[in-house]
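Participant: Sequence:
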Amino acid sequence: MTPRKTFLEALVAMLTPRDVLVSCLGANARYLPHLAVPAPCIALCDSMGAAIPLALGMALQRPDRHVIALEGDGSLMMSPNVLATVAAARPENLTALLWVNRHYESSGGQALPAAPVDWVGLARGLGLTHVEPVPDVATLHAAFPRARDARSPALLVLDVAFDPHEEIPPYSERPDEIRARFTVA
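Numbering-wise (my numbering), the sequence shown opens with residue 58 and increments by one.
To be clear, the hints were calculated from the coordinates, so they are not data collected in a lab. Please read these numbers as outputs of a predicted model, since none were measured by experiment. Yeah, the Cβ is synthetic: ideal placement off N, Cα and C, and Gly gets one too. Careful, some of the hints might be misleading.
Pair by pair, the computed Cβ-Cβ distance ranges are [unchecked claim]:
no. : residue 1 : residue 2 : range
1   : T196      : L92       : 17 to 23 Å
2   : E223      : Q118      : 32 to 38 Å
3   : M135      : G182      : 17 to 23 Å
Please take these sequences and the hints and turn them into a complete structure.
Facilitator: Shown next as structure tokens:
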């Protein structure tokens, strides 16, 4: 398993100005303002399950942009049916990264229900054709360009290490700042 910040820094290094990054996951949303992100970034605070639906709407309205959603496994468990909606809409410019750490990290680190979820199998079963497991940064460096070039929606399933002692930065942006950045993207 790879630490969250290691994955996040690797992803940010691969972004271009054409990309739009949407994060509704608490920990990632709190890290992003502290990184030099070269693309528009909408980092909402603790909007569980909202990253992929928001990114889908943006991808459909902005085919000139590559939209990247960052979603946590706990968040996606709130509405996994969104993957079927993405598969049906088939935006060619949407890549979702699912951060699997088996915890509700932003609300205190509670473990997810013990039932194992095969996210790759579930996504494929719901109609997504470009789905890849990503156990480490080297795989992310190979998988992200493939997802960007796939001409279909893609889901990358990241195996993220949960660290109960990780010092996640506090929220540093006000809602009006997030809204202003969203309207520009």
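Participant: If a hint holds in the structure, say so; if it doesn't, say that too.
Facilitator: Going down the list of hints, with the structure as the test:
1. T196 to L92: 17 to 23 Å: holds (21 Å)
2. E223 to Q118: 32 to 38 Å: The hinted range 32 to 38 Å holds for E223 and Q118, with Cβ atoms some 35 Å apart.
3. M135 to G182: 17 to 23 Å: For G182 against M135, whose Cβ atoms are near 18 Å apart, the range 17 to 23 Å holds.
Violated hints: none; the structure is consistent with every hint.
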